[in-house]
Amino acid sequence: MSAVEAEPEPGSERASGPLHLLRLLWRGRAWNQLVLLLLVMVGLFFLVPDPSLAVEVLIYSLWAISLNLLLGYGGLVSFGHALYWGFGGYAAGLTLLHVTHSLWVALGASMALCGLLALGSGVVCLRRRDVYFSMLTLAFAQLGYFIAFEARPVTGGDDGLGNIPTPPLDLPGLSLEMHPIRDPLPYFLLCAGILFFAFAFALLYTESPLGRVLQAIRESEERARGCGYNTRLVQLITFTVSGLLAGLAGGLDAIFNGLEGLQPYWSLSGVVVIMVILGGRSTLFGSVLGALVVLVLEHYLSISFGDWPLIVGAVFVVCVLVFPQGLWGLVRLEPLGSWGAVAWTRRLRARLSREPGA
Amino acid sequence: MSGPNGRTTLLRCERLDRWFGGVHAVDGVDLEVATGSLHAIIGPNGSGKTTLFNLITGHTRPHGGRVWFADRDVTGLPYHRVVRLGIAKSYQITTVFQSLSVFENVRIAAQSARWPYTFWLPASRLRDASRLAEQTLERVGLQHRRRELAGNLSHGELRHLDLAIALATRPKLLLLDEPTAGMSPAETEATVQLIQDLRRDLTVVMIEHKMDVVLRIAERITVLNFGVKLFEGTPEEVRGHPRVQEVYLQGAL
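Residue numbers (this note's numbering), protein chains in the order written: chain G, 1 to 358; chain S, 359 to 611.
Bound conformation, chain G alone:
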């Protein structure tokens, strides 16, 4: 758990020598997850032959991270996270179709709408706990689905909201035309940049006093109240932040595809829940891993094998049974005992933390 790792080791504050940088990185602070994220991005850039798959991995990672704040850190299992994804897409699409041609305004609209939506539904959902909370989030998602289905003149109903124009990428002193299909590179860089900042924000959120209280509430809400915290408020803030980030991901996806399709929100919500649990709930980076694995499996299996969800499901079952900590637990190779990565890094750490000259 990051809460343990983040605490600095006493006595190693003023270490010097050639290993200093490595040591800083290895200290186990949550921030080295950002380095891992950068590595994944570089890997996606160079190793994935299909650029649209690479972009989708980035966007779904953002969505999974937003859910992990709730599910992993808050212990709040939301089965309705597709609501914010979908409505974020509508907000961005409708803004680009009818209001302005600015990318930033469109994404801002996604976040604003979904933040408000999450705030409103969060007030109701958080009145209940555990499975009742999950059912309420599911109910809200279905409500949103049928609203989108019925509001055909606005959302296109089950045909989806199509022909969303691709806005130019406006940066200070630079305006870049984007064609996601012909040349996905600018869009990849845009998504990578947004994911990087969102990931850094989410990391800060989980390491902040508020984020720590969120984890404490997951352990014991009663005790968190006994420490003087309004636990409902902490959860509501997180629910809102989570919905806002999911809306951002949904907006990015709608712009990328030029289309906001409508598929049942309960199954779509299930996909992102699987990503988070498969990747590992205990770290934010696990969600990136989960999104990567699910999408890559889907991409390659669906070409050769019609019933690909069967295989994804089987992988999921095996992972949950063998690695309760998800793929992140697999990466740490904990079941392998003294040969695993954890034992190995522990030895390396012990060697590194030995004071030079002592």
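Don't read these hints as lab results, they were simulated from the structure. Each hint should be verified, as a subset may be incorrect.
Using C-beta positions, here's what the derived DEER-type ranges look like [unchecked claim]: (1) S:His502 <-> G:Leu301: 47 to 57 Å; (2) G:Ser102 <-> S:Leu479: 28 to 38 Å; (3) G:Leu39 <-> S:Gly509: 28 to 38 Å; (4) G:Arg152 <-> S:Gly509: 50 to 60 Å; (5) G:Val296 <-> S:Gly509: 31 to 41 Å; (6) G:Leu119 <-> S:Leu479: 37 to 47 Å; (7) S:Asp431 <-> G:Leu233: 16 to 26 Å; (8) S:Ser457 <-> G:Val322: 13 to 23 Å; (9) S:Leu479 <-> G:Val296: 29 to 39 Å; (10) G:Leu119 <-> S:Gln551: 44 to 54 Å; (11) S:Ser457 <-> G:Ile311: 31 to 41 Å.
No residue lacks a Cβ here, since even glycine has one placed at the ideal position from N, Cα and C.
Using the hints provided, position chain S relative to the given structure of chain G.
Quick look at chain S alone, frame taken from chain G:
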């Protein structure tokens, strides 16, 4: 306000009433706790001691009566607001944040005074909260276990961690619900020493079953029976009171 012994009153309960279905769990209980005192509440199982605590902390709303804390009416305030005003409670069944480190457990409590809902800077930057957490851990003797996960502590250590979390909110009044429950004689002795040490800057109200502990360290004792206050007085008075002996102390002395 002045209470017993001419000291100011920190906590005052007036005619508190609470029903659970047909059971009158707390029946018109008056309680006055002087600043700086150690006040014990005793009584047989089901006599309303824990319910009385819950009425004070706002877990349970009273059906009648009022609670005053430091000259402020706190009746019906939610628990977390009562904690903010300076009442902390340790739990009868130890309640800690299992999968967080011992240090983190206490630090979360310590940060609540100044940085409750901050999300724009890392918690490790809050030097004052970290320092308070260190001091509190030292006080309860868990300094050497600070990096351990709370779920890995022994029963006695958990009780001390529970206490440390309560202390780290910097309360004026500490409510202890059976602080020595399930402890060995040696652990009990250590806890008694700790409670006496706490009294230097805290007011303590404790529910306790071990009569030798109560008679030794309490200044005033309130005896509850079936939700009614049976008697209140010094340990000597309680020891000599015939009805108290009849309902509660048989065999204990």
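Now for the hints, and whether the structure bears them out:
1. For His502 of chain S paired with Leu301 of chain G, a C-beta distance near 52 Å keeps the hint of 47 to 57 Å intact.
2. A hinted range of 28 to 38 Å holds for the C-beta pair Ser102 of chain G and Leu479 of chain S, which are about 31 Å apart.
3. Roughly 32 Å separates the CB atoms of Leu39 of chain G and Gly509 of chain S, a value that falls within the hinted 28 to 38 Å.
4. Between Arg152 of chain G and Gly509 of chain S the beta carbon distance is about 53 Å. The supplied range of 50 to 60 Å therefore holds.
5. The hinted range of 31 to 41 Å is satisfied by Val296 of chain G and Gly509 of chain S, whose Cβ atoms lie roughly 36 Å apart.
6. In this structure the hint that Leu119 of chain G and Leu479 of chain S lie 37 to 47 Å apart at CB is violated, the actual value being about 23 Å.
7. For the pair Asp431 of chain S and Leu233 of chain G, the beta carbons lie near 23 Å from each other, so the given range of 16 to 26 Å is met.
8. The given range of 13 to 23 Å is respected by Ser457 of chain S and Val322 of chain G, whose C-beta atoms sit roughly 21 Å from each other.
9. Here the CB-CB span from Leu479 of chain S to Val296 of chain G is close to 36 Å, well matched to the stated 29 to 39 Å.
10. One distance hint, 44 to 54 Å for the beta-carbon pair Leu119 of chain G and Gln551 of chain S, holds here, with the actual separation near 50 Å.
11. A beta carbon spacing of about 32 Å between Ser457 of chain S and Ile311 of chain G agrees with the range 31 to 41 Å that was offered as a hint.
Checked against the numbered hints given earlier, the structure breaks only hint 6 and satisfies all the rest.
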